[in-house]
Amino acid sequence: MGQTKDETRKNTGDMSQEPQIVFQNVVKYFGNTTAVEKMNLTVKKGEFIAIMGSSGCGKTTTLRMLAGMETPSEGEIRLNGQRINELKPSERNTPMVWQSLALFPFLNVIQNVEFGLKMRGIGTEERRRRSLEWLSRMAIEEFAERSIDQLSGGQRQRVALARALVTEPPVLLLDEPLSALDANLVVRMQGVLSRLQKELGITFVYVTHSQSEAFAMADRVVIMSKGVVEQVGSPQEVYRKPASRFVANFVGSNNILNGDVSAIDTSSVIIETEIGAVRANLPTDHEYSMGVHLGLVISADAMDLSMTEEQSKDNQFRCRLVSESFVGAMVTMLVETDSGIELKIQLFQKELDQIGFSENTSSSGTFLWVSWSKSSVYILPQ
Amino acid sequence: MKTGAQKGLDGYALTWRLPVIFWQLFFFVGPLLFTIAMTFFLVKNYRMTEAFEMKNWVKMMGKGYFWDSYFLTVGLASLSTVTATCLAFPAAYTLAFKVSDNARRWAVFFLIIPFFTSYLVRTFSWYVILAESGVINNMLSWIGFGPYTMLNTKFGTMVGYMTLTLPLVVILQTLSLANVDRRLIEAAQNLGANGIWTIVKVIIPSAKVGLIIGAVFCFILSFGDFVAPYYLGGSKPPTLPIMIIDTTKSGQQWPRAAVVAVVMMVTLMVVAFASIKFAYRKK
Numbered sequence: 001m002g003q004t005k006d007e008t009r010k011n012t013g014d015m016s017q018e019p020q021i022v023f024q025n026v027v028k029y030f031g032n033t034t035a036v037e038k039m040n041l042t043v044k045k046g047e048f049i050a051i052m053g054s055s056g057c058g059k060t061t062t063l064r065m066l067a068g069m070e071t072p073s074e075g076e077i078r079l080n081g082q083r084i085n086e087l088k089p090s091e092r093n094t095p096m097v098w099q100s101l102a103l104f105p106f107l108n109v110i111q112n113v114e115f116g117l118k119m120r121g122i123g124t125e126e127r128r129r130r131s132l133e134w135l136s137r138m139a140i141e142e143f144a145e146r147s148i149d150q151l152s153g154g155q156r157q158r159v160a161l162a163r164a165l166v167t168e169p170p171v172l173l174l175d176e177p178l179s180a181l182d183a184n185l186v187v188r189m190q191g192v193l194s195r196l197q198k199e200l201g202i203t204f205v206y207v208t209h210s211q212s213e214a215f216a217m218a219d220r221v222v223i224m225s226k227g228v229v230e231q232v233g234s235p236q237e238v239y240r241k242p243a244s245r246f247v248a249n250f251v252g253s254n255n256i257l258n259g260d261v262s263a264i265d266t267s268s269v270i271i272e273t274e275i276g277a278v279r280a281n282l283p284t285d286h287e288y289s290m291g292v293h294l295g296l297v298i299s300a301d302a303m304d305l306s307m308t309e310e311q312s313k314d315n316q317f318r319c320r321l322v323s324e325s326f327v328g329a330m331v332t333m334l335v336e337t338d339s340g341i342e343l344k345i346q347l348f349q350k351e352l353d354q355i356g357f358s359e360n361t362s363s364s365g366t367f368l369w370v371s372w373s374k375s376s377v378y379i380l381p382q
Numbered sequence: 383m384k385t386g387a388q389k390g391l392d393g394y395a396l397t398w399r400l401p402v403i404f405w406q407l408f409f410f411v412g413p414l415l416f417t418i419a420m421t422f423f424l425v426k427n428y429r430m431t432e433a434f435e436m437k438n439w440v441k442m443m444g445k446g447y448f449w450d451s452y453f454l455t456v457g458l459a460s461l462s463t464v465t466a467t468c469l470a471f472p473a474a475y476t477l478a479f480k481v482s483d484n485a486r487r488w489a490v491f492f493l494i495i496p497f498f499t500s501y502l503v504r505t506f507s508w509y510v511i512l513a514e515s516g517v518i519n520n521m522l523s524w525i526g527f528g529p530y531t532m533l534n535t536k537f538g539t540m541v542g543y544m545t546l547t548l549p550l551v552v553i554l555q556t557l558s559l560a561n562v563d564r565r566l567i568e569a570a571q572n573l574g575a576n577g578i579w580t581i582v583k584v585i586i587p588s589a590k591v592g593l594i595i596g597a598v599f600c601f602i603l604s605f606g607d608f609v610a611p612y613y614l615g616g617s618k619p620p621t622l623p624i625m626i627i628d629t630t631k632s633g634q635q636w637p638r639a640a641v642v643a644v645v646m647m648v649t650l651m652v653v654a655f656a657s658i659k660f661a662y663r664k665k
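Listed in order, the protein sequences are those of chains A and B. Residues 1 to 382, numbered by the working numbering, are exactly what the first sequence covers, in order. Residues 383 to 665, numbered by the working numbering, are exactly what the second sequence covers, in order.
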């Protein structure tokens, strides 16, 4: 949470004018449940921001408040410096690309795209010209007169984008727009979205539960849990320096260990954890003393593996292989330390070959040695 | 069984379909064919005799009063359809979008209740309300208006038609509006559509099929209704259903009444087919 506030302060400090979107102490209740709790968030013009979290964390409610489908119970939302709490959805220019796409089935492709322009009272000719422009930009102009049910998933996605963007809005809201597409198409649409956002220079607010989507496209990521913003930061920051245990758990494949400080020297700190003593770099601004309880995060891809015990390792533990799974060239292994704690390790297949690891050795119950440098141990903020 | 299945008609399915088929043949197709055949019969000495002559058709089609009655009936049924559709829409819209699911269920239940009682009874109860010395004129007289003649007018006919059709139209419209995808409504508002535009551009097109079916039912019921134009509308000038009654009573002219019936049937079929076709039209 500490980092959340710092981040906000830094951004407002950098800006000479009012940032594009400001959430100020925004709270949303639904009856007795709190969907969003004291949310503070500042989004710069032209930023691609992703709001992430598991279902029910308040990310969609946040987006719906921006679009005006929900009204904040407390606090203020500003768009371009103007308070928008009381504006009706139709009075804001915050088009959304919906998870269901919500294309009008009784209108054809170009009529769908023209809809927003028509509602703004723009004449037939200009409407058509601008819509066709967007259709050709999305490379679907040949489908202009088709009905929606004649299009593929990817084509519908493009229609939804064109329909939302044709009014040249300052902000585009996206509510898990890629969740219905198959994996190949998701990657291609990510490219389309990223490129589009850079070309247009407008703000994208993207809600997703998919870490890979958020990290692939967003400048900054907002991690939410139970209505609370856990962290705001660049994908790297969130990945390497999670602000809380929740973020560490939610993001990436991290190993989280807990323990008490047992020794401190000039450059490192030793923490007695459930798997044994772990050595970590001593942060310069540390305030640790003996016996303090700390949470440690070691990301799965920071771990090394060897078949024999090696000298001069900061941290090394003997383990037994529990399971392994392959995704492309990446291998994710679950190993168990002598103390019975499971650790996650991610390695490239190539690396495994180099250390002489094979299926046979793994199945025979041979011991493996897992090691990591003290610099790759991240200490969670207290 | 095996050969039957290969032809796409297995015995099991056929067994269940046969009663419906027979019902339709005996009670719909049969009488319809007989009615059509009857239009070519002749009446001699107040007795119907089998024949195959065009006399009845020539006679009826050549009569001015038949066509007057035809267009009057089409006009009244159309007016009834437009009136019922317009009166029902705000009610159905409220029930579909503005009240809780529970309230909607109760409302639909209360809309079904009128069908428990005889339509004729409900029609006669309007006498008490609409008569020169009835409830409405009595109340109007307190503030110095009236009395107005409402019975035996086209207004009376309309009241009767509404009694017959309005609950049904409200139910049909409510059900179709309640099924409109809320996400499309939100999407329209998100794209800048205000309340009216949302109704015109999204809700009505989405619920089009249900709204049209409601209107078709209203037209069919009003077009064929004898009670409202006879008891509340005063039967003059006669609508087609009244003409059928009159024709059979005067001189046992069943064949001529059959001509009227067949014309009505054809009209309803054309209207129903055209409407359904329009409802399911692409775009």
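Hints may contain errors.
Stated by the list, open to error - Short derived list, chain A residues pointing at chain B, Cβ under 8 Å:
1) L87
2) P89
3) M96
4) Y239
Think of the hints as simulated: they come from the structure by calculation, not from any bench. For every residue, glycine included, the Cβ atom is placed at its ideal position computed from N, Cα and C.
Check your understanding: Would the stated hint for P89(A) survive a check requiring a Cβ distance to chain B of less than 8 Å?
Key -> holds, 4 Å
**Study point:** When the least beta-carbon distance from M96(A) to chain B is tested against 8 Å, hint result
**Key:** Nearest chain B Cβ about 5 Å off; hint holds.
**Study point:** Y239(A) as chain B interface residue, shortest Cβ-Cβ below 8 Å
**Key:** At about 33 Å, which exceeds the 8 Å cut-off, the nearest Cβ of chain B leaves the hint on Y239(A) violated.
Review point. Holds or violated: is the Cβ of L87(A) closer than 8 Å to a Cβ in chain B?
Key: violated, 11 Å
Going through the hint list in order, the structure does not satisfy hints 1, 4.
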